[in-house]
Amino acid sequence: MKKSSKYLLLSGNEAIALGAFEASVKVASAYPGTPSTEILEALSQYEGVYTEWAPNEKVAMEVALGASFAGVRAMVSMKHVGLNVASDPLFTAAYTGVRGGLVVVTADDPEMHSSQNAQDNRNYSIASKIPMLEPSDSHEAKEFTKIAFRLSERFDTPVLLRTTTRVSHVSGIVRKGKIEESRVEPGIVKIPEKFVMLPVNARKRRVELHRRLQKLRKYAERFPENRLFWANPEIGVITSGVSYLYVREALPEVSVLKLGMVYPLPERLIKDFASKVKRLYVVEELDPFLELQIKAMGVECIGKEVIPEYGELNPELVRAAIVGKKKRRVFSSVDIPRRPPVMCPGCPHRGLFYVLSKLKVFVSGDIGCYTLAASRPLSAMDTCVCMGASVGGAHGMEKALGEDSLGKIVAVIGDSTFVHSGITGLIDIVYNKGFSTVIILDNRTTAMTGHQPNPASGITVKGEKTEEIDLEALCKAIGVKHVYTVNPHDINTTKKIIEKELKRSAPSVIITKYPCVLLPEERRKKKPIYMVISEKCKGCRICLKIGCPAIHWTAGKGKRKGKARIDAILCNGCGECELLCKFNAIVIEENGGEKKKKN
Amino acid sequence: MVVKRRKRTDSSDEKGNILFCGVGGQGILLASEVVGYALIQNGFDVKKSEVHGMAQRGGSVEAFLRFGKKVYSPLIEPTTVDIQVSFELLESLRYLPMLGKQSRIIVNTQKIPPLSVSTGIETYPDGIIERLKGFGLEVYPIDAFQISKEIGEVRTVNMVLVGALSNFLPVDEDAFLDVIKWRVPERFREVNLEAFKRGRGLIDNIK
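Chains A and B, in that order, are what the protein sequence lines are. When we follow the working numbering, the leftmost residue of the first sequence carries the number 999, and every step to the right adds one. When we follow the working numbering, the leftmost residue of the second sequence carries the number 244, and every step to the right adds one.
There's no promise every hint is true.
[What the hints assert, rightly or not] Partial selection, computed: residues in chain A whose CB lies under 7 Å from chain B: (1) 1005; (2) 1007; (3) 1243; (4) 1334; (5) 1339; (6) 1550; (7) 1580.
None of these hints come from the bench; they were simulated from the model. The C-beta atom is built at its ideal place from N, Cα and C for all residues, glycine as well.
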């Protein structure tokens, strides 16, 4: 008889969602951010779980905490920098503790594949005194999520679950498991001494927090996911997360203590392991997080002396650090044109940044697809720090420079980013008599992370219609007197409005509103295709200045001049190049003239 | 989305490192998933690694797929790629340090110029296939784009390449066909199955 086992190939993120579902999570909130986004996306596909995109991570954390207070299991997920935003409720949630299990997922990005920094969020566990689990693959991601819910209820604490890009975005084999229910009774329960963190209560909870940590320290000694793999006692390695996989791959002969819980640490277990091996290494990505704690125990170990302190690790780095062998390359890399990410053909951000590059203003930038405008040929972004920083940043520069800066600085921020944390910056500008020009790039979606809807797009995570924020009305209500909405593909009108508003010594908001070309409903639309009439093209190259991947340059030879050409397959019919061409060489293709974009 | 996994009775130590590379939007992630599931169905452990987010906007994209009895690291080490499947011609030259003498290269000869090339700042290199062959590598150039046009759906380039790749994997054809049937939306099923079969039939002719 055939044994019919069921196997899934799931990414770490999908596995966390399955684990949460099997743990009977009832409420999950998140703000999208690579590499965490797919956790909530996957969870939203399961029946019986309320899921939502929150405006930002702080709200998401508060929603999950509220759900936990109401006695159901709740989860909140975000990228590493998102936890900075959510850290305010997180730190005090450590004091209140929970009713229903509360799991906080943070996905770090040590190599900065898609992030502005590479902070090590394991530090948050020590700082907030909240236990942290760290899975190394998809199987563990699912199991650890379930364990996290159990520990949360057992120890009355939120539990942090930390992944990195190579856990979140690596797929491995996962088996479906049993659904387990929480024993907590949902309902409204008033426990002011636990939930109302007035100083008088908080001081008592602080003592409770200390006691809880002592209990967790004891528990860590017998936590089954702190695992020992005995081999040669010459070399011992303490490691966790994906680094464990690199150690096993690179050094199958060494003894390993794999920590499933990275805070608090099992001191006796570590000392015992250390005493049985000749040389002890700590292998971890980013900060010497385990290493410093282990050294503080008085245990001698080798860590960041040999293991890099930034970037992702890999088996080769680990092998080279410990046994000093690096493979020789068979072939060395060759110099070929690079292929960095670019704005798509027909991207509604392109025209705006072309205008800004022409105006030669200082562009206070933000986080989203539009950050790609910093690259050539647009080169039209001058700062990028964190979600929402463009607005406050522009205001700060203008206050520093006074009236001299009028007309020279502009803030750009996407619709989702504006809702996330740009609104408060705008309030600051109005309240403190600033004169900034803020451009909201409303492409109707959170594009860079894979097109999640947001409060300004009026659609929920489940694809249902909901109230849509009226950005114009919102800005006016804040007190901005000059608010305009333009189609950014209309380069000339966009330029006129920006020029006018830059000179204004009062705050103004310009909303450049046009849907992202990758949205399914945009892909289905019939669009014109543009072409270059070769005889009319003078080879002036102005159309190349917008950096559209659909426009190709054919270099001239001898007497023959160079000319532009449009790739009909790539063209999305935005028409910006037609507006730029001074010789009317760019026109809509005549034969049919349009293509039905298939989805 | 679940597959049955055959018990591997033979104690074979078959394992492999597959590097998929190309340009964001070419269907690389779906291709690597189909291959991953086909390997699981044949009893292998599999790890598949990819990067999402910013890189996907028309930039270079890579995905690692490793299989064997037990796979630890999701990352392929330099020089140890067994098969590189390049979805675009220029991209086949980007990962040379990952390759060794044993590497086979299946390459879609379709050219997608990077922005620096299309705007005339740099030129698209010539003679890429010859260069790869010059390194002593086994190279299988395939015009997957042309084949997908013949099939009538240009978004089947990825399945043509999966078909070609399938010749080199310890997995029977049926496993691939099964996975494509449940993984691909119904209205694209037939064209994808055809693309796979066309791709699978190509390698013998090249040899």
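Results of checking the hints against the structure:
no., hint, result
1, 1005, "5 Å, holds"
2, 1007, "5 Å, holds"
3, 1243, "5 Å, holds"
4, 1334, "5 Å, holds"
5, 1339, "3 Å, holds"
6, 1550, "4 Å, holds"
7, 1580, "18 Å, violated"
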